[in-house]
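A.B. asks: If you want the building blocks of each chain, they are given just below.
Number of protein chains: 4
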Amino acid sequence: MDKVMVGVIGAGRIGKIHIENLLRKLSNVELKVVADVKIDKTLEEWAKEMGIANLTTNVNEIFEDPTIEAVIIASSTDSHAEFIQRAAKAKKAIFCEKPIDTDISRIKETLKIVKEYGVKLMVGFNRRFDRNFMRVHEAVLSGQVGQPHIIKITSRDPSPPPIEYIKVSGGIFLDMTIHDWDMARFQADSEVQEVYANGAVLIDPKIGEAGDVDTAVAVLKFENGAMALIDNTRQAVYGYDQRVEVFGSIGCAMADNEATNTVRIYTAECTNLDTIPHFFLERYIESYATELQYFINCLLNDENPRPNGHDGLQNVLVAMAAQKSFEENRPVKLSEIEND
Amino acid sequence: MDKVMVGVIGAGRIGKIHIENLLRKLSNVELKVVADVKIDKTLEEWAKEMGIANLTTNVNEIFEDPTIEAVIIASSTDSHAEFIQRAAKAKKAIFCEKPIDTDISRIKETLKIVKEYGVKLMVGFNRRFDRNFMRVHEAVLSGQVGQPHIIKITSRDPSPPPIEYIKVSGGIFLDMTIHDWDMARFQADSEVQEVYANGAVLIDPKIGEAGDVDTAVAVLKFENGAMALIDNTRQAVYGYDQRVEVFGSIGCAMADNEATNTVRIYTAECTNLDTIPHFFLERYIESYATELQYFINCLLNDENPRPNGHDGLQNVLVAMAAQKSFEENRPVKLSEIEND
Amino acid sequence: MDKVMVGVIGAGRIGKIHIENLLRKLSNVELKVVADVKIDKTLEEWAKEMGIANLTTNVNEIFEDPTIEAVIIASSTDSHAEFIQRAAKAKKAIFCEKPIDTDISRIKETLKIVKEYGVKLMVGFNRRFDRNFMRVHEAVLSGQVGQPHIIKITSRDPSPPPIEYIKVSGGIFLDMTIHDWDMARFQADSEVQEVYANGAVLIDPKIGEAGDVDTAVAVLKFENGAMALIDNTRQAVYGYDQRVEVFGSIGCAMADNEATNTVRIYTAECTNLDTIPHFFLERYIESYATELQYFINCLLNDENPRPNGHDGLQNVLVAMAAQKSFEENRPVKLSEIEND
Amino acid sequence: MDKVMVGVIGAGRIGKIHIENLLRKLSNVELKVVADVKIDKTLEEWAKEMGIANLTTNVNEIFEDPTIEAVIIASSTDSHAEFIQRAAKAKKAIFCEKPIDTDISRIKETLKIVKEYGVKLMVGFNRRFDRNFMRVHEAVLSGQVGQPHIIKITSRDPSPPPIEYIKVSGGIFLDMTIHDWDMARFQADSEVQEVYANGAVLIDPKIGEAGDVDTAVAVLKFENGAMALIDNTRQAVYGYDQRVEVFGSIGCAMADNEATNTVRIYTAECTNLDTIPHFFLERYIESYATELQYFINCLLNDENPRPNGHDGLQNVLVAMAAQKSFEENRPVKLSEIEND
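Chains as they are written, first to last, in numbering that gives the first Met the number 0: chain A, 0 to 339; chain B, 0 to 339; chain C, 0 to 339; chain D, 0 to 339.
Certain hints may be false.
[To be verified] DSBU-like cross-link-like pairs, simulated, lysine-lysine; straight-line CA separation at most 30 Å:
(1) D/K15 / D/K47
(2) D/K332 / C/K47
(3) D/K24 / C/K37
(4) A/K332 / C/K332
[Stated by the list, open to error] Simulated DEER-style distance windows between Cβ atoms:
(5) A/L280 / B/N296: 18 to 24 Å
(6) D/K37 / C/K111: 55 to 61 Å
(7) B/S75 / A/N27: 28 to 34 Å
(8) C/S141 / B/H277: 40 to 46 Å
(9) B/E163 / D/Y164: 40 to 46 Å
(10) C/K90 / A/Q192: 40 to 46 Å
(11) A/E137 / D/T76: 53 to 59 Å
These are calculated hints, taken from the structure and not from any lab test. Beta carbons are placed, not taken as given, at the ideal position from N, Cα and C, and that holds for glycine.
Work out the full structure: start from the sequences and follow the hints.
C.D. replies: Structure (structure tokens):
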């Protein structure tokens, strides 16, 4: 085949990003159906403007359409596992937003079905497709930095989400650091053995009252001996601070923040640069298109895409271990979680 | 009005960029007709894929359509003046690619007609809309650098165009430096009084045989006392080097090249960064959308867009003065050209 | 007084640095006597070239000279405590190289005597006087970054010391990370509450055989709620990597490595920078002079210098806690060590 | 010989720098006599503190001392030629501060005598020994940038000298740009053929009243085809802006300003860096020691140092051509000046 026919489930914020990329930026792909649980006037108008022919509340129009080869799942998290399973049973390739689920046994059950039906599954950890972090990984893979020893990830949001969101988020280690667990595993090219996590409420006492922390650090030990250091905060007032560094036996690759522009203004008092891009839409917008094009290309070339279901599972396992580590104030082995 | 209906003349490389931006990135605009002198299969397919309803070889479909409010002229340079005049007479707003023409009296005649019919005209010096150079200008306008004293522009292409192109290009000062004349005038916020230009054949002797130079430098004196230094080359092997600096009485704003990514790789031998973006499509692609959106917004707000016809004329005048300066090896006042 | 008369004990590598600074760079200070346990021909020649009038093996010439107001102790670590005590009893101000001792009760006993005799004591954690780390601290003190939340310290040596050195070093957390414990405490402006440390042998198995690790990471929790992340390695092939970052409630200050020069070389393949300065003499040479001048100025102004005996003690306590944390694979509270 | 015995003439600001370097930083050199026309109490005290044994007003103590092998001339400009001639006749190697003289026939006469007596002469264009500009030149010499095409030099002072100084300075092209003529020739590795210079009074009208300009630009054409662009100003409020760039056939080497420190402070408003080093003492202090050590090493290895008398002469010739170019508003060939 030279083109992939896709259906998209979910036309919320992230679903719209995928749809726009499909229609405007990607090659070798055709969007046939968009399904969403609720279609209001705004969505209808947006769909019309985008030239979407088939907008439906009936997700079966995707699963039962034999011409649709791949399903992009961008619905709410609690529906991911079900839709993955249905898509697998319909023998369609799957791109699913992270996380697969927040319950480990449900993830495992879902992956079993995916395996049984032999369909391809990719999980949307888009940061792997950021041009900077890809370049770091390329340096790792090509041997430019040698064996990875120390991985450092800084991942700081510009401002906290609403408290209501915090309350149902599953905690910072599952909600926010999950991207960093994936990034660390991606760059280390190895699996996590042990996690030590710590945290504090330094930004907003309400976050503490909601049972979460707003500032977190973690140390990972990998099977290949590498160690990772991660730091998170819900509020970096200067913008969305996203950096990755891989130190290895023969070199070190460091990805700095993207700049808003390249201008320096020199004055008698100091030299000024504009602040870094504010949030993930500014920083990672391109990565979503790169990610989805890569998924499409994998299908066309019959290759198994990464990050896959295994990655989706591991990242949640690490999050669980981190949460346990923080609660019990001790390093926690991943095997403790897996064997739960 | 809350939306502008446009017709595009010319669907070559730059025309396609404008059309894609119109369809995919811009707001408050609708594309009604695309006209091109020659419509082949490839163009037809591209138009179909883009969802262009009306593709025609008959430019009258644009000029005679009373619902079309603005014309985007992206045809070959020799047709610009004619189409501007026709659009003016049809009372349509005009966005025209640079240059208006290479003949000064023809430019003046054209601008006269534009004035007579009272239509808005913007000329496509897109670099003014590069995020970095805009930021420099913002620093100038806001007073952060004070009164401009010295403007420095580096503008280097990665590789020379074909010799056949060089032969009909009008010479480096008209073909390549024209962007820099505009940038210097833009940043200085003043008009050029005198030009000294020099050049050499250092890249390819064939360029010399074609009667042109491949390396050029120029000094401009502005009416407000500022001076500008410009350097051009047809071949910077490391990529498309595009920098602007404005030094003023109380500060200095410097725009460096965009980076391909932000990664530094440290090894025992040296620290490496990837090369800068290769050419103008990589560097300036966003500026085309910014530029056209600005034009559309000016129409909606009934404001006069810049760069306008006056800028288009002045930039050609400076190019002529530079050519004369180079040929006669002496500084040439702009008034010498204007009074020709 | 407008000048301080000093005696120096120890003319090894670090002693020579202090002496050269005293003679060549510092103001308001006069070197009267240099004492060393062993004076060979090379040392004599060096002393002559430096214009040192009084070179002796008899340290009493310092302690018993009533005109000497301050003693600089740069002898071997095991003699520090004794010399501090003798200097204190002789009522002389003391600048002592780090560490005071590796035995906590001996440090406490020494500090008690210092307190009893009321003399000033400064301990030589020179990195506090690096122009970059001072600048970060200035940003912290002036409130530019707000309340410190996360402190990140990267401290990597270019190559491991000889195995013989490793064997008697006291372990990486006492020998190498001690600088980082001090830096973290300095920047956090708070005391360490708990330490989690981890390590691995990734560089040289012989270091493992000697009972030490060559790669180490640590997380600190401070009394003011801040957390610190530290990473160390004995071998960064690209040079001496020394960076500090303080993230706070209203900003973030980041000190990057010093550059060997500011040149970028752009080629068709990549952009190159020279490697960073190789080791501590290149990087920190100025900090030694700044440090000692600060000590002298404190004496002249009757101010209490920092880092002082308390800092010297705390840094060793943190090192002990880190070692215990690593050995027992659990976070260790500083109070566990203090109460040993 | 393994050590060079030197005498220094002139103990003003620049003489003191050389003397301090001789005594404190250089190897294989011994200072025997310092001569100055006027010895006051301050100078005597300084000399005493520096340990200078022989301070005299009688310059003959240098010329007539057979043990002195090299003379460092740091006296006032009008005495340079005389002292060079006397040193040459005394068969001593000569390091002379720039310029040799401001009169071309006097320079030529002086160089003739130097040649006649076969002594080595180095002229103190210290910027060639700045670590950054040396690195650029190394890139040129090693072929990393290929054949030089365009050289760009930015050289901006932080604030103008007193008007009284301006009046006797010989004009900006001789007083300030002379460093840049030398730098351009150094980097181009070729001789200047033609100069175009322009200038303006943009900083202080009093400078204009004194017959000089405070802002200057110049274009040089070299015999090897390269071109140089230079810009100068007497007042860059943000500090001493000193940059050099060599663009060549296969690459480009750019030396940026030195930083005061490497710290970036990120805040909600912008990212801040401290201003660049204020003036030449901060920026070039190391270059003076590097320069003098190089001179001493040349003597020890019997090599001819550069920049030499020829360089000293050429730089003044270019300055004269630039002045003429500015006055007559036309490019001036160097041959016009040489044949005056």
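A.B. asks: Against this structure, judge whether each hint is valid.
C.D. replies: Each hint, compared with the structure:
Distance check on the hinted pair: D/K15 and D/K47 sit about 13 Å apart at the alpha-carbon level, within 30 Å; holds. Under the criterion of a C-alpha separation no larger than 30 Å, the hint pairing D/K332 with C/K47 is inconsistent with the structure, at around 57 Å. Between D/K24 and C/K37, the direct Cα distance comes to roughly 26 Å. Compliance with the 30 Å bound is thereby established for this hinted pair. For the hint pairing A/K332 with C/K332, the CA-to-CA distance comes to about 21 Å; that is within 30 Å, so the pair holds.
For the pair A/L280 and B/N296, the beta carbons lie near 22 Å from each other, so the given range of 18 to 24 Å is met. Taking 55 to 61 Å as the suggested C-beta distance range, the pair D/K37 and C/K111 conforms, at roughly 58 Å. Evaluation of the 28 to 34 Å hint for B/S75 and A/N27 yields a pass: the beta carbon distance comes to about 33 Å. Separated by about 44 Å at the C-beta atoms, C/S141 and B/H277 satisfy the suggested range of 40 to 46 Å.
Between B/E163 and D/Y164 the beta carbon distance is about 57 Å. The supplied range of 40 to 46 Å is therefore violated. Checking the proposed 40 to 46 Å range against C/K90 and A/Q192 shows it is violated: the Cβ atoms sit about 56 Å from each other. A hinted range of 53 to 59 Å for the beta carbons of A/E137 and D/T76 is consistent with their spacing of about 57 Å.
In this structure, the earlier hints numbered 2, 9 and 10 are contradicted, and the remaining ones agree with it.
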